[in-house]
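Starting from the structure of chain B, add chains L, A and R where the hints point.
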Amino acid sequence: MTVAVQDAPFALDAEVAALTVGRTDIGAIVTFTGTVRGEAGGRQLASMTLEHYPGMTQAELARVEALAHARWPLQATRIVHRVGTLKPGEGIVLVIAASAHRQAAFDAASFLMDYLKTSAPFWKKEVGVDGSGGWVDARETDDQALAKWGG
Amino acid sequence: MTVAVQDAPFALDAEVAALTVGRTDIGAIVTFTGTVRGEAGGRQLASMTLEHYPGMTQAELARVEALAHARWPLQATRIVHRVGTLKPGEGIVLVIAASAHRQAAFDAASFLMDYLKTSAPFWKKEVGVDGSGGWVDARETDDQALAKWGG
Amino acid sequence: MSEVRTITVLYFAWVRERIGRGREVIALPMSVTTVAELVAWLRARGPEYEAAFAKPDIVRAALDQSHVKPSTPLGSAREIAFFPPVTGG
Amino acid sequence: MSEVRTITVLYFAWVRERIGRGREVIALPMSVTTVAELVAWLRARGPEYEAAFAKPDIVRAALDQSHVKPSTPLGSAREIAFFPPVTGG
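Residue numbers (the numbering used here), protein chains in the order written: chain B, 23 to 173; chain L, 23 to 173; chain A, 6 to 94; chain R, 6 to 94.
Chain B extracted, bound-state conformation (with noise of 0.2 Å):
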């Protein structure tokens, strides 16, 4: 249960080895990469800045990590997430759930990324190749996909 929020770009193996390197009680890793895209609403994309709430961050996704736990039998859980200015194709978020069960895996992964994306104090703002940019709208779908964790 450990969560980052870095301005440095991440790798999935060191991730995963640093959760289960000498571990043999795991049988299922899952991982979740969000990546920057290079076009958004017919908009070629420059780059994505993302301004978060320092403090009020590492407590979110901690608490949405304890909550995973709560509800799933998981070895080993990470979450990461970069701030500062990316380009498309870069990683901004990582998660990763660890169980002996693979569909704990899938299910903790899939919570994770729904209550992060509802709750964590993050904002994007893109910058069009053109000069034109804008703050991200929250997406109703985001919190649909919420919704179907009850509770």
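These are computed hints drawn from the structure, not numbers from a lab.
A couple of the hints might just be wrong.
Under the rule of at most 27 Å between Cα atoms (straight-line distance), these lysine-lysine pairs were calculated in the DSS-like manner [what the hints assert, rightly or not]:
| hint | chain 1 | residue 1 | chain 2 | residue 2 |
| --- | --- | --- | --- | --- |
| 1 | R | Lys60 | L | Lys147 |
| 2 | A | Lys60 | A | Lys74 |
| 3 | R | Lys74 | L | Lys147 |
| 4 | B | Lys147 | A | Lys74 |
| 5 | A | Lys60 | B | Lys147 |
| 6 | A | Lys74 | B | Lys170 |
| 7 | B | Lys147 | B | Lys109 |
| 8 | L | Lys109 | L | Lys147 |
| 9 | L | Lys170 | B | Lys170 |
| 10 | R | Lys60 | R | Lys74 |
| 11 | R | Lys74 | L | Lys170 |
Relative to the frame of chain B, chains L, A and R by itself:
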């Protein structure tokens, strides 16, 4: 859409990069790694050996991959399955699903695992630290997992 | 002479841009007791606040770094933040 | 003189271990037309086959590398495989 059956270990970063490098149309990448657990049914494992049906294995994995692509908007998928003798903690199988949207990536990766588990011709034989050995029995829960995808 | 309290107010994303600053410490009358009342009080401070809170239902709040509703009492909180719906992940 | 056909038969996992080989080419009477009939014919060949197919419902089959049911006709298939339920992944 590629599949591999191999003795060698796989590396997450390299496998993901092979699917995604230079692309900016992907927003979500889900990976599933199945690993050898050190204990099975109360027995401590020394190793697990995977036998397969060469030729049919590749064909089945490709068929399962095509089913996923027909069902979800996927930018790329990858299945790597190891054969031979593996130690506890080692990766057995890797599935990757990349999509513009996170739910499609999660669902497709989960679907690929459920189908692979019930149709790809692999068989696991365990060897305990006490020298005892035996073929792993198929699990009813795998058939139940498959049923949730319908048809 | 009415009593006041000081509270640190943080703004993020377009709320920050509209108000023109990310952080300020304000002296708040004790009569302002809830998040919604604080929003109303801030809106009266000037056009930049009016613009930021033009649609108060959209702006979210966190009290001492926990999400709260407009009806939440400010209590003894030392920090309140206002921001648009989050868009991370 | 009855007609025969040749077909390659593969065995995997504990089916292979019980029969004692992984592959054989057999000359099959033309009267054997389905997967289930082939299983019955194999069981009559000796105790190792009897052991492998003791519970025929458990043993799975693939005809020319596609999963098939016991009722499937052998048709012009060149290869058939018998194996336990798969346990990969």
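If you draw a straight line from the CA of Lys74 (chain R) to the CA of Lys170 (chain L), is it 27 Å or shorter? holds, 22 Å
Can the restraint linking Lys60 (chain A) and Lys147 (chain B) be considered satisfied, given a maximum Cα separation of 27 Å? holds, 20 Å
Going straight from one Cα to the other, do Lys60 (chain R) and Lys147 (chain L) come out at no more than 27 Å? holds, 20 Å
Holds or violated: are the alpha carbons of Lys60 (chain A) and Lys74 (chain A) at most 27 Å from each other? holds, 15 Å
If you draw a straight line from the CA of Lys147 (chain B) to the CA of Lys109 (chain B), is it 27 Å or shorter? holds, 12 Å
Regarding the pair Lys74 (chain A) and Lys170 (chain B), is the alpha-carbon distance no greater than 27 Å? holds, 22 Å
For the pair supplied as a hint, Lys60 (chain R) and Lys74 (chain R), is the alpha-carbon distance within the 27 Å limit? At roughly 15 Å apart (the allowed maximum being 27 Å), Lys74 (chain R) and Lys60 (chain R) satisfy the hint.
Quick one, are Lys147 (chain B) and Lys74 (chain A) close enough, alpha carbons at most 27 Å? With Cα atoms ~25 Å apart, Lys147 (chain B) and Lys74 (chain A) stay inside 27 Å; holds.
Keeping to a limit of 27 Å between CA atoms, is the pair of Lys109 (chain L) and Lys147 (chain L) held or broken? Holds, at about 12 Å.
What's the verdict on Lys170 (chain L) and Lys170 (chain B), does the C-alpha distance respect the 27 Å limit or exceed it? It holds: about 16 Å lies between the C-alpha atoms, which stays within 27 Å.
27 Å limit on alpha-carbon distance, applied to hinted pair Lys74 (chain R) and Lys147 (chain L): holds, 25 Å
Consistency note: the structure conflicts with none of the earlier hints.
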